[in-house]
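One line per chain: the protein sequences are Y and G, in this order. Numbering-wise, the first sequence is residues 1 to 345 according to UniProt numbering. Numbering-wise, the second sequence is residues 1 to 345 according to UniProt numbering.
Hints listed in this document are in silico derivations from the structure and should not be mistaken for laboratory results. Watch out, some of these pointers could steer you wrong.
[Said to hold, decoys possible] Over 10 Å on every C-beta distance to chain G, these chain Y residues come out as not near it, computed from the model:
#, residue
1, 44
2, 45
3, 62
4, 132
5, 157
6, 213
7, 280
8, 329
[Said to hold, decoys possible] Facing chain G, a subset of chain Y residues (Cβ under 8 Å, in silico):
#, residue
9, 59
10, 105
11, 175
12, 178
13, 182
14, 184
[Said to hold, decoys possible] Just some of the chain Y residues that point at chain G, by a computed CB distance under 10 Å:
#, residue
15, 48
16, 63
17, 69
18, 76
19, 82
20, 86
21, 114
22, 256
Backbone N, C-alpha and C fix where the C-beta goes; we use that ideal spot for every residue, glycine too.
Number of protein chains: 2
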Amino acid sequence: MPNTERLEGLERAERLDRVERGPMMTGGTPLRSLDEDELLARILPGFPVSDDLVVAPGDDAAVLRTTGRVIATTDTVVLGRDWLDAWSSGADIGHKVVAQNLADVAAMGGRPTGVLVTLVADPELSLEWVLDHVRGLSEACLEAGVAVLGGDLSSAPAGVVMVSVTALGRLDGEPVLRSGARPGDVLAVHGTLGLADAGLRLLRADAVERLPVAVERQRRPQPPLAAGPEAAAAGATAMLDLSDGLLRDGGRLAHASHVVVDLDPGALAGDVDALTGALGAEVALDCVLAGGEEHSLLATFPAGSVTDGWRVIGSVRAPAEGEADGIVVAGRAVAHTGWDHFRNG
Amino acid sequence: MPNTERLEGLERAERLDRVERGPMMTGGTPLRSLDEDELLARILPGFPVSDDLVVAPGDDAAVLRTTGRVIATTDTVVLGRDWLDAWSSGADIGHKVVAQNLADVAAMGGRPTGVLVTLVADPELSLEWVLDHVRGLSEACLEAGVAVLGGDLSSAPAGVVMVSVTALGRLDGEPVLRSGARPGDVLAVHGTLGLADAGLRLLRADAVERLPVAVERQRRPQPPLAAGPEAAAAGATAMLDLSDGLLRDGGRLAHASHVVVDLDPGALAGDVDALTGALGAEVALDCVLAGGEEHSLLATFPAGSVTDGWRVIGSVRAPAEGEADGIVVAGRAVAHTGWDHFRNG
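This is chain Y alone, in the form it adopts within the complex:
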């Protein structure tokens, strides 16, 4: 199972990181050599603002102009659990934690507007890592037209670095839930499948040259943010972002909607082929079906309503008598698993 392998790789390296305090904690200027005001003075000017930001960071709270409904979501990454110093730069992590939060806003049919960012770190963490991180985070926000609304800084025990982001968004129409898929709908995806997991496997195998684009996607996911509101406007009945793999997330959509989602393997052949040269056919299929952190969008549409940029990869039907809701591949049940923080971690 890919997620178990991932875990083992991370767990092993995480222990090393904790004991050895990798390059992000040994080179450059440690955070403890600055006071909080000095640190903020280095960080805050890099944060993007927006026209909707009525009160920018620096007061008790920020104030953001918005429409009548606000979308809110939060996602956290932890050194050694979600990334390794050796594999991702500070900028990569900034980009990634923003992207995965914004993907959740898009998956409701919304447009992201702002983020709040919290860094909890070993005071030995280098200022250079933090500034690089802020750069990546700000770039990802700028690309999406998102402002940084605020944040918090706190120190943590030796070896701990954690970044928590909360994203806000605006919703102009109705939210697209996971639970709205109906029998007769088609299942469609916007974006790649399996690339980020393939990149993780290549990093583990020290073979990044076999498919650099996959490694880049693992480091910097590219959620198709505009596709979320476009799908909502086109009448998507259910939607989510692929964070834990097609089988697991598709299963969640099926379960929430009380339907059976049937994946068409033929429609996934191109995704598998794209990874086969680097990883072999079996692993490539695993990546496409179960690979996490892709952050493409998965949605169901009434047949005939699928809009530009989405490709149909399956169908939706009612469960047969006695059949459970869930995901199947070409009509056949599959085992699926995924990342679980406390049990695996």
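Following the hints, position chain G against chain Y.
Leaving out everything else, chain G in the frame of chain Y:
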């Protein structure tokens, strides 16, 4: 300096906690024995909802009905840095992290509407602690009419427990900034002064019986949430919540507004007297002037506009020729300091 003493007490115990994994990590059911879905099934039903919650936790993101401007703020607490297992229960910490976030919303003149909560924890942390924490957190939200909009769970290295909260609020009028105080205004406070710091000192001295109300305030701050919008409606010119002490926070308000804030020691005599029996006059004065974590509200009003529940404790004037902006006591400059995460931590 109170904050240095606080730090030393916490640092010492924090090291013990990390090595020994206190009761929150040794008794009961460890989190690692549940999978994430089982854990969420135990947590989510306890979270309060509200009529404005259009999409509750469980989808990619929550959706909250709001007015045209949303207030957002975030604040994080870390075991060993911000609390000790021996001194605060899970429920206390839940209450406290919510209260300190909601205080920031109130300090803008807003009404809190929702929070997002992230728990990053050692998988040895006990489920019982987490459920107690959720109880305290939910009670604090319910009292304030606030919904839990969502959250995240992640595992962390041994001994680490961290809770990060983002609070949202609605703003019906104009935000009250730190920077609006004008010469001729009066300075007023709503709520107690020094009680939370007194409680911390009594916990450190193992003398909680000397003033239980102070210890209770340290464990569970009581920000006067309604007073924020009331002050805004009454014409408050500047406002913030007292998280780092009267001198430091009052100094911030003065600096942001380019004014001199002059505290009237006579107006603080009652606050000092209330703590003198338990701590002696000198320490009591220290608590009142520099004690953190009180989360009372500090504001400036045009003379004659001070509204119910606020008491005047000083005045605002323009800096004299060559004088810096800042805070003074009875016209005389004072040294002030406070908590600094990376340098002290």
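Taking the hints in turn, this is what the structure says about them:
1. 44: holds (14 Å)
2. 45: Given a closest Cβ separation of 17 Å, the condition holds.
3. 62: At roughly 5 Å from the nearest Cβ of chain G, residue 62 (chain Y) sits no farther out than 10 Å, so the non-interface label is violated.
4. 132: holds (17 Å)
5. 157: violated (6 Å)
6. 213: holds (26 Å)
7. 280: holds (30 Å)
8. 329: The assertion about residue 329 (chain Y) holds, with a minimum of 22 Å to chain G.
9. 59: OK, holds: residue 59 (chain Y) within 8 Å of chain G, min 5 Å.
10. 105: holds (6 Å)
11. 175: Holds: closest Cβ of chain G sits about 5 Å from residue 175 (chain Y), inside 8 Å.
12. 178: holds (6 Å)
13. 182: Given a least distance of 17 Å, the restraint on residue 182 (chain Y) is violated.
14. 184: Since chain G brings no Cβ nearer than about 22 Å to residue 184 (chain Y), farther than 8 Å, the hint is violated.
15. 48: violated (15 Å)
16. 63: This hint holds: residue 63 (chain Y) lies near chain G, its Cβ roughly 5 Å from the closest one there, short of 10 Å.
17. 69: holds (5 Å)
18. 76: Given a least distance of 5 Å, the restraint on residue 76 (chain Y) holds.
19. 82: For residue 82 (chain Y), the interface hint holds, since the closest Cβ of chain G sits about 8 Å away, which is under 10 Å.
20. 86: violated (17 Å)
21. 114: holds (7 Å)
22. 256: Status holds, d = 8 Å.
Going through the hint list in order, the structure does not satisfy hints 3, 5, 13, 14, 15, 20.
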